[in-house]
Amino acid sequence: MKLETRQVTKRYGDFLALDGTSFQTGTDSHVVALLGPSGGGKSTLLRVLGGLLLPESGEVVVNDQPLPNEPEKALKNLRKNGFVFQGYNLFPHLSALQNIVLPLCAVHGFSDADAKKRALELLRRLGLEEHFHKRPAELSGGQQQRAAIARALAPKPDLLLLDEPTSALDPVMTGEVLDVIRELAEGGQQIVLATHEISFARKVADWVVFLVKGRVEESCAAEQFFEQPTSAPAREYLAGLSRYR
Amino acid sequence: MNPPSSRRLFWSFALLAVVSLGMYVTFAAVHYTWNWSSIWGYRSQFIWGWFTTLGISLGAMVVSIIVGFALMIGRRSSCTPLHLLSTGIVEVLRGSPLLVQLLLGYYIVATALYVGDPLIVGTVLLGCFEGAYLAEIFRGAIESISASQREAARAVGFDSAQTYRFVIIPQAVRRALPGTTGQMVSLIKDSSLLSVIGIEELVQKVRIMNSSSYTALEGYLPLAVAYLVVTIPLSWYARKLERRFAYET
Chain A
1 MKLETRQVTK
11 RYGDFLALDG
21 TSFQTGTDSH
31 VVALLGPSGG
41 GKSTLLRVLG
51 GLLLPESGEV
61 VVNDQPLPNE
71 PEKALKNLRK
81 NGFVFQGYNL
91 FPHLSALQNI
101 VLPLCAVHGF
111 SDADAKKRAL
121 ELLRRLGLEE
131 HFHKRPAELS
141 GGQQQRAAIA
151 RALAPKPDLL
161 LLDEPTSALD
171 PVMTGEVLDV
181 IRELAEGGQQ
191 IVLATHEISF
201 ARKVADWVVF
211 LVKGRVEESC
221 AAEQFFEQPT
231 SAPAREYLAG
241 LSRYR
Chain B
1 MNPPSSRRLF
11 WSFALLAVVS
21 LGMYVTFAAV
31 HYTWNWSSIW
41 GYRSQFIWGW
51 FTTLGISLGA
61 MVVSIIVGFA
71 LMIGRRSSCT
81 PLHLLSTGIV
91 EVLRGSPLLV
101 QLLLGYYIVA
111 TALYVGDPLI
121 VGTVLLGCFE
131 GAYLAEIFRG
141 AIESISASQR
151 EAARAVGFDS
161 AQTYRFVIIP
171 QAVRRALPGT
181 TGQMVSLIKD
191 SSLLSVIGIE
201 ELVQKVRIMN
211 SSSYTALEGY
221 LPLAVAYLVV
231 TIPLSWYARK
241 LERRFAYET
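Quick note, the sequences are listed as chains A and B, same order. For the first sequence, the numbering used here assigns the number 1 to the initial residue and increments by one for each residue that follows. For the second sequence, the numbering used here assigns the number 1 to the initial residue and increments by one for each residue that follows.
Here chain A stands alone, though its shape is the one from the complex:
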């Protein structure tokens, strides 16, 4: 995949989350990691790239196709993508299975039987087959996050966008979820990942976009970013994160 933004701005009230953000990834990136300090705009950029948020100005280009700005077309476009958030984004009144089946039927036109088959196949793959009937509150944080990944994967999305998927998890559950993401990446799934897990990003990402205060400080191949970051903020950020690891 190839991701690109041109002078994108997005504000929440007075807060400027993306401040004329521009970057471009390599043409054949598979896993793009969005890195940077908290509040730097990673989550917002991820949502803009996935079409979940529409920017106030600027252009977002995915695989050389500019993303539409009209609500109708934007919704259609975003249905091609799968999203996983930091936490608590499953529907609490539905079982793990229903969480996956409902969007397949209501949005993607699956028949009930096909949707169930697809959902069970994914739950099995992610090690949740015994828990399919449980509601989110009955699942551990790691299981919830794997169910959320299953839901995002169910319609075979072009892009899988993960927004700090392990930030709310303890180290053991973090491991479970990262294993799943790595397997997906190795299986060829195109992934955009906003994360603080630097060592994980280093293992799976092939492109890094580094954001500070809503601006892209660096956008380069992952290897280069981790070996020889060019900007001072990136060097500080990496040094700060590796101090205790």
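The hints are simulated quantities; they were obtained by calculation from the structure and are not laboratory data. Quick caveat, the model's predicted, so the values are computed rather than measured. Check each hint, because a few of them may be wrong.
Claimed, not checked - One-sided excerpt, in silico: chain B residues whose CB lies under 8 angstroms from chain A:
no., residue
1, 157
2, 158
3, 159
4, 170
Unchecked claim - Straight-line alpha carbon distances no greater than 35 angstroms define the calculated DSBU-like cross-link-like pairs of lysine-lysine that follow:
no., chain 1, residue 1, chain 2, residue 2
5, A, 134, B, 240
6, A, 2, A, 80
7, B, 240, A, 116
8, A, 80, A, 156
9, A, 73, A, 2
10, A, 213, A, 116
11, A, 117, B, 189
Even for Gly, the Cβ is constructed at its ideal location relative to N, Cα and C.
Use these hints to put chain B onto chain A, whose structure you have.
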């Protein structure tokens, strides 16, 4: 959360005994001579009144839910006149006494509209009054659904109608349930005010009964029981429903 049932049973009986004793002592202290036989003859009147109250309450419940839903949508609307109108209606209905609404609504508004049947007018007026409270209960429930749920709904590709249908309403119903049931219990009791526009519901029947049998208070004890027979099962059923919807703990 619940103590063992044997202990609950023990305490239920113990409290019942204490309360009964207290009531007996209180009633005995005033030396009122109860004359049950004279009102027994009016039992069919009483039962007729009870069914009238039930009928009005059921009708008004339906009206109140429709009115409550409509006012809630109006209150949440981004269309300014609609928002202001709904807010104004809610404030006036909640802020003024039901008695005034019934008298003005029946003798002025309904008369002007050539609607003469007090039963229909009373049911609609009661439904509107309670609907204003329901509107706020519904609104609170819907607005309590977190932004992350809305975002998750959009992320799986739901349009706004689907978001309401599959995500917000099912969760909001559960949160609105306790308040709504409480309001329904109030509605049943508030229906007693409909006597001011000449409807012979249960309370009015009991007043008639008391005066025509030359008794003062006999009718009021069965009256309380007749209300409790409806309101307690309603509360019980609501708790059962609530447990069925309890998935967040």
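Each hint tested on the structure:
no.: 1; hint: 157; in the structure: holds, 4 angstroms
no.: 2; hint: 158; in the structure: holds, 7 angstroms
no.: 3; hint: 159; in the structure: holds, 6 angstroms
no.: 4; hint: 170; in the structure: holds, 5 angstroms
no.: 5; hint: A:134 / B:240; in the structure: holds, 21 angstroms
no.: 6; hint: A:2 / A:80; in the structure: holds, 15 angstroms
no.: 7; hint: B:240 / A:116; in the structure: holds, 30 angstroms
no.: 8; hint: A:80 / A:156; in the structure: holds, 8 angstroms
no.: 9; hint: A:73 / A:2; in the structure: holds, 20 angstroms
no.: 10; hint: A:213 / A:116; in the structure: violated, 43 angstroms
no.: 11; hint: A:117 / B:189; in the structure: violated, 52 angstroms
Violated hints for the displayed structure, listed by number in ascending order: 10, 11.
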